[in-house]
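Take these sequences, add in the hints, and give me the full structure.
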Amino acid sequence: MFIKRGANGFHDAWKWIIGAIVIFLGCQLIGALPFTIAVFYEQISANGTQALSSMDETSMMNTFSKNVTFFLLMFSFVIGTLTWWIWIKYIHKLSWTEATTSREKFDWNRAFFAFGVVGTVALVTTFLGYYLEPDVYIWNFNPTNFFILAVIAIILVPIQTTWEELFFRSYAMQGLGIITGNRAVPYILTSVIFGLMHIFNPEIAKMGYIVMIWYIGTGFLLGTFTLMDEGTELAIGFHAANNLFIALLVTADWTAFQTDSLLIDTSDPTADWMTFIPMFIYYPALILLFAKKYKWNNWKDKLFGIVEVPALNNTYDPKNTSDF
Numbered sequence: 051m052f053i054k055r056g057a058n059g060f061h062d063a064w065k066w067i068i069g070a071i072v073i074f075l076g077c078q079l080i081g082a083l084p085f086t087i088a089v090f091y092e093q094i095s096a097n098g099t100q101a102l103s104s105m106d107e108t109s110m111m112n113t114f115s116k117n118v119t120f121f122l123l124m125f126s127f128v129i130g131t132l133t134w135w136i137w138i139k140y141i142h143k144l145s146w147t148e149a150t151t152s153r154e155k156f157d158w159n160r161a162f163f164a165f166g167v168v169g170t171v172a173l174v175t176t177f178l179g180y181y182l183e184p185d186v187y188i189w190n191f192n193p194t195n196f197f198i199l200a201v202i203a204i205i206l207v208p209i210q211t212t213w214e215e216l217f218f219r220s221y222a223m224q225g226l227g228i229i230t231g232n233r234a235v236p237y238i239l240t241s242v243i244f245g246l247m248h249i250f251n252p253e254i255a256k257m258g259y260i261v262m263i264w265y266i267g268t269g270f271l272l273g274t275f276t277l278m279d280e281g282t283e284l285a286i287g288f289h290a291a292n293n294l295f296i297a298l299l300v301t302a303d304w305t306a307f308q309t310d311s312l313l314i315d316t317s318d319p320t321a322d323w324m325t326f327i328p329m330f331i332y333y334p335a336l337i338l339l340f341a342k343k344y345k346w347n348n349w350k351d352k353l354f355g356i357v358e359v360p361a362l363n364n365t366y367d368p369k370n371t372s373d374f
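All residue numbers in the sequence shown are consecutive under the numbering used here, ending with 374.
Hints should not be assumed to be uniformly reliable.
Quick list of in silico lysine-lysine cross-link-like pairs, DSSO-like style, CA-CA up to 30 Å [unchecked claim]:
#1 Lys54 / Lys143
#2 Lys116 / Lys342
#3 Lys155 / Lys352
#4 Lys54 / Lys139
#5 Lys54 / Lys65
#6 Lys155 / Lys143
#7 Lys54 / Lys155
#8 Lys143 / Lys342
#9 Lys342 / Lys139
#10 Lys352 / Lys342
#11 Lys65 / Lys350
#12 Lys256 / Lys116
#13 Lys256 / Lys343
#14 Lys54 / Lys350
#15 Lys65 / Lys352
#16 Lys256 / Lys345
#17 Lys342 / Lys54
#18 Lys54 / Lys256
#19 Lys54 / Lys345
#20 Lys139 / Lys155
#21 Lys65 / Lys343
#22 Lys155 / Lys350
#23 Lys116 / Lys65
#24 Lys65 / Lys256
#25 Lys155 / Lys345
These are computed hints drawn from the structure, not numbers from a lab.
Structure representation (structure tokens):
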């Protein structure tokens with residue numbers, strides 16, 4: 051059982067609670083320092099200290115080229131992932147495998163299968179949209195800029211999305227499951243909190259808070275993958291493909307990712323029934339596909355059942371840290 055695997059004798063509640071704070075701040079605060087320092091240095095070098103008084107989010111995001119800004123923002127998740135690893139290795143005495151899957155080894159085939167399915171859908175739907183409504187898009191291909199973007203995105207976007215999965219579907223899901231002794235609490239809370247974490251995305255400002263339904267729905271999709279498949283592999287593969295292909299294929303002035311992508315969407319979007327097609331058609335189709343391929347069963351127990359947590363012993367076993 052994936053959640054129970056985190057209960058290895060070092061599962062004191064305080065470790066999970068403090069760990070969630072440390073891992074989050076490691077990414078969002080310490081991880082943001084390289085970007086913040088670079089922006090401040092560049093602004094002061096170009097405009098003097100008076101530039102600080104007029105600096106806002108827009109000026110910070112426009113200090114560097116899109117590729118440099120994208121690199122610095124994505125790099126924060128490298129620091130976040132290292133923070134997660136240090137905490138689970140030295141505080142919880144968990145290995146990578148124990149923190150990410152119920153299987154003997156992390157199943158990369160599962161992650162790559164999910165990545166391939168989601169990536170294929172992203173390619174097909176993007177270029178179908180371009181074919182059907184060419185006036186909505188601007189062809190933005192610049193060989194040099196796009197090549198640099200591709201290198202940055204292929205390396206760092208999977209780290210960004212993996213950190214999110216390690217934080218929500220690994221750390222928070224195992225911790226909440228162990229603390230509460232059931233699966234329903236981590237399933238619901240991690241899904242809702244994951245959605246709410248996107249509340250400051252520019253898409254929300256553009257289309258309204260109703261779009262939060264889409265983000266929370268995505269949280270429930272990834273939570274379903276993790277609990278039904280007893281591991282984070284499918285969630286990690288889905289999330290990596292979703293964000294990577296968004297970064298490479300299409301951007302707009304109202305999206306979270308501002309990149310030198312192939313296409314620029316010039317539409318003025320509004321939230322209507324079309325907005326929720328992924329949630330009501332695409333997402334159920336993915337669940338059915340994975341359920342059939344990986345022979346999921348016992349849905350009620352896996353999503354809402356009890357977690358039998360063993361007693362604490364806090365006895366160090368070095369074999370728990372032998373696996374990367």
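Lysine 155 paired with lysine 143 [C-alpha distance capped at 30 Å]: holds, 17 Å
Starting from lysine 139, check that the Cα of lysine 155 is at most 30 Å away, please. Measuring from Cα to Cα gives roughly 16 Å; hence the hint holds.
Would the hint linking lysine 155 and lysine 345 be met if the CA-CA limit is 30 Å? It holds: about 19 Å lies between the C-alpha atoms, which stays within 30 Å.
Tell me if the straight-line CA distance from lysine 54 to lysine 143 falls inside 30 Å. The hint holds at about 14 Å.
CA of lysine 54 to CA of lysine 155, is that 30 Å or under? It holds: about 16 Å lies between the C-alpha atoms, which stays within 30 Å.
Between the alpha carbons of lysine 256 and lysine 345, is the straight-line distance 30 Å or under? violated, 40 Å
Given pair status - lysine 352, lysine 65, alpha carbons within 30 Å: holds, 25 Å
Going straight from one Cα to the other, do lysine 256 and lysine 343 come out at no more than 30 Å? Outside the cut-off at roughly 38 Å; violated.
Has the given pair, lysine 342 with lysine 139, been kept, meaning a C-alpha gap of at most 30 Å? violated, 34 Å
Does lysine 352 sit within 30 Å of lysine 155, going by the straight-line distance between their CA atoms? holds, 20 Å
Proposed proximity, lysine 350 with lysine 54 (alpha carbon, max 30 Å): Holds, at about 17 Å.
Given hint lysine 345 paired with lysine 54 - CA-CA distance at most 30 Å: Holds - the C-alpha atoms of lysine 345 and lysine 54 are around 21 Å apart, at most 30 Å.
Violation of the numbered hints given earlier is confined to hints 2, 8, 9, 13, 16, 18, 21, 23 and 24; the remaining hints are satisfied by the structure.
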